[in-house]
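Asker: Sequence:
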Amino acid sequence: MSIGYACLSVGVPETGFKTCTQKNADRDRLRSLIAHNLTSLENLIDYNAENNIRLFRISSDIIPFGSSPVNQLAWQDLFGEDFTRIGEKIRTAGMRVSMHPGQYTVLNSPDEDISRRAVLDLEFHARFLDALHTGPENKIVLHIGGAYGNKQEAARRFAGMYAGLDSAVRQRLVIENDEKSFSIRDVLDISGETGAPVVFDNLHHAVNPGGTPGSDSGWIRACAGTWGTGDGRQKIHYSQQAPGKKTGAHSDSIRIDDFLTFYQSIHGEELDIMLEVKDKNLSAVKCINCTADARQINLLERDWGRYKYLILEQAPAVYREIRELLKNRAAYPAAAFYRLIEYALTAEADRGNSVNAAEHVWGYFKNTADEREKKQFFRCLEKLEAGETSSAPCKHMLLHLAQKYRQKYLLASLYFYI
DNA sequence: TGACGTCAAGATCCG
DNA sequence: CGGATCTTGACGTCA
19 MSIGYACLSV GVPETGFKTC TQKNADRDRL RSLIAHNLTS LENLIDYNAE
69 NNIRLFRISS DIIPFGSSPV NQLAWQDLFG EDFTRIGEKI RTAGMRVSMH
119 PGQYTVLNSP DEDISRRAVL DLEFHARFLD ALHTGPENKI VLHIGGAYGN
169 KQEAARRFAG MYAGLDSAVR QRLVIENDEK SFSIRDVLDI SGETGAPVVF
219 DNLHHAVNPG GTPGSDSGWI RACAGTWGTG DGRQKIHYSQ QAPGKKTGAH
269 SDSIRIDDFL TFYQSIHGEE LDIMLEVKDK NLSAVKCINC TADARQINLL
319 ERDWGRYKYL ILEQAPAVYR EIRELLKNRA AYPAAAFYRL IEYALTAEAD
369 RGNSVNAAEH VWGYFKNTAD EREKKQFFRC LEKLEAGETS SAPCKHMLLH
419 LAQKYRQKYL LASLYFYI
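In the working numbering, the protein residues as written are 19 to 436.
It should be emphasised that the hints constitute simulated quantities derived from the structure, not laboratory data.
Using N, Cα and C, we set each Cβ at its ideal position, and we do this for glycine too.
One or more hints might be untrue.
As the list claims (entries may be wrong) - Okay, derived cross-link-like pairs now, EDC-like style, lysine to aspartate or glutamate, Cα gap no bigger than 20 Å in a straight line:
| no. | residue 1 | residue 2 |
| --- | --- | --- |
| 1 | K422 | D100 |
| 2 | K401 | E391 |
| 3 | K393 | D368 |
| 4 | K36 | D100 |
| 5 | K296 | D276 |
To be verified - So the derived label-pair ranges between C-beta atoms look like this:
| no. | residue 1 | residue 2 | range |
| --- | --- | --- | --- |
| 6 | P231 | G262 | 33 to 43 Å |
| 7 | I436 | K264 | 28 to 38 Å |
| 8 | N316 | Y435 | 33 to 43 Å |
| 9 | R239 | R47 | 25 to 35 Å |
| 10 | G210 | N61 | 34 to 44 Å |
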C-alpha cells in the first residue's frame, strides 16, 4: 500500500514549475524552463523519499508544450544525465510515478486532428517516463473522452484508437472513470475490449455512478482483475468533495476521519492510493502517518515541526493542546493529532495571534540579526499590530532571514507557505 | 459563446 | 519597491 499526491507540493522549497506563453516559447527559453523544472522534480523526489511518500504523479507541465510543434527541443538527450539520475533516485526510493494528461487530451474525438494530437500527447508522456528509465508499472492515466451523443460509438472509437497506439504507450496506459460521461461500469466494459487496467476514482463515481449500484470497495474489487502482472499494484484515485463548492470539486485537505472510514472499508485490498487534494503532500503525509505500520511518535513530532508555528498563529489553544497530546511518547495518537490540525486551520485569522507567532519565529534571529534587520522587523511588526498590513510582509522578512541564516528547520515550516 | 478546471504568467492598482 | 488582486493563456466538450 502506497499513498501519494499529484504534481505539486505545498511548502517544499525550490519545487515550483515554470512555463511560458506559446509566443515566447523559443529554444533558449524552453531549455532554461526545462532545466528549472527538472531541478524542481528532483527536489520533489528527494522530499518524497525523505518523507516516506512512495507514490507520485509527475506534472505534464514539466516539459512546456511537450507534445506541441512549438517545442522541437531534444530534451531527452539534452538532459539525459539528469533523467538518469532522477530515475535512479525514484528506483532507489522504491517510488512509483505516474502521469495524467488532462481533460483536453481526447483520444476518442471524432475530429481527427484532435485525436491525432492526443496520440502525440500520450507519446510525449511515455517518452518522459521512458527517459527516466522507469518500468511499465509507472502508468499514464487517461479518461475515455467525450460521448458526442452516442456513448457506445464513442467507446468503440476509443478502443479502436487504443489498439493503434504504440506499445510504448499502450503498456503504460490505464483508464479512469470520469464525472460526466463514462462511469466505472462503462470503463470496465472498455477495459474488456482493450485490456487496459482501470483506475477507480471515488469522487467521479459519486458524481457519475452509472450502472448497477455498488459500494466503492465492490467496484474496486471489480477493477482488480484488470491489473495484470506487469502493471504493478492496482491504483485508485481518492478525493473528497469540497464543502460548499460545486459538486466534484476537490477539498482543500483530506478529512482524516472520512479517509480512515474509507480505508477500513477497503481493508485487505492491496492498493496504491493517489490523493487528489489541494494541499497535496500535506494530506499524503497525514494519511500515510495515520495508516503506518511503524506507529512511532517521531513521525508525528516531525510533522508537528512543520505545522507548529502555523497552528500557533491560527489557534494558540490548539497549539497547547497538541503539545500536551504529543507528550506521551509511548502513544501514537495520529488521527487525534491531525483532527486537531484540521480544526485549527478552520479558525479565522486574529491579528494578536499573528503578532505572537511572528515574535516566536523572530526568536530564531534575535541574537544573530544585525541592527538594520532588527529595526526593519520591529517596524514591520508594529504595522501588523496596528492593523496597517497583513502578516505577509512580516512572514516574508522572517523567511528571508531563515534563508540568510540557514535555519533549515524553519525553512520547512508551513508558517511561511499557507 | 461561455462554462468548466488548473496553475502560472502577465497586467494593474495600491501604499 | 512589494503585495494584493485581477485577467489571460492553453486545452476540448457541451449546453
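Asker: If you test the structure against every hint from before, which numbers come out violated?
Answerer: As far as the earlier hints go, 1, 3, 6, 7, 8, 9 are violated by this structure, in ascending order.
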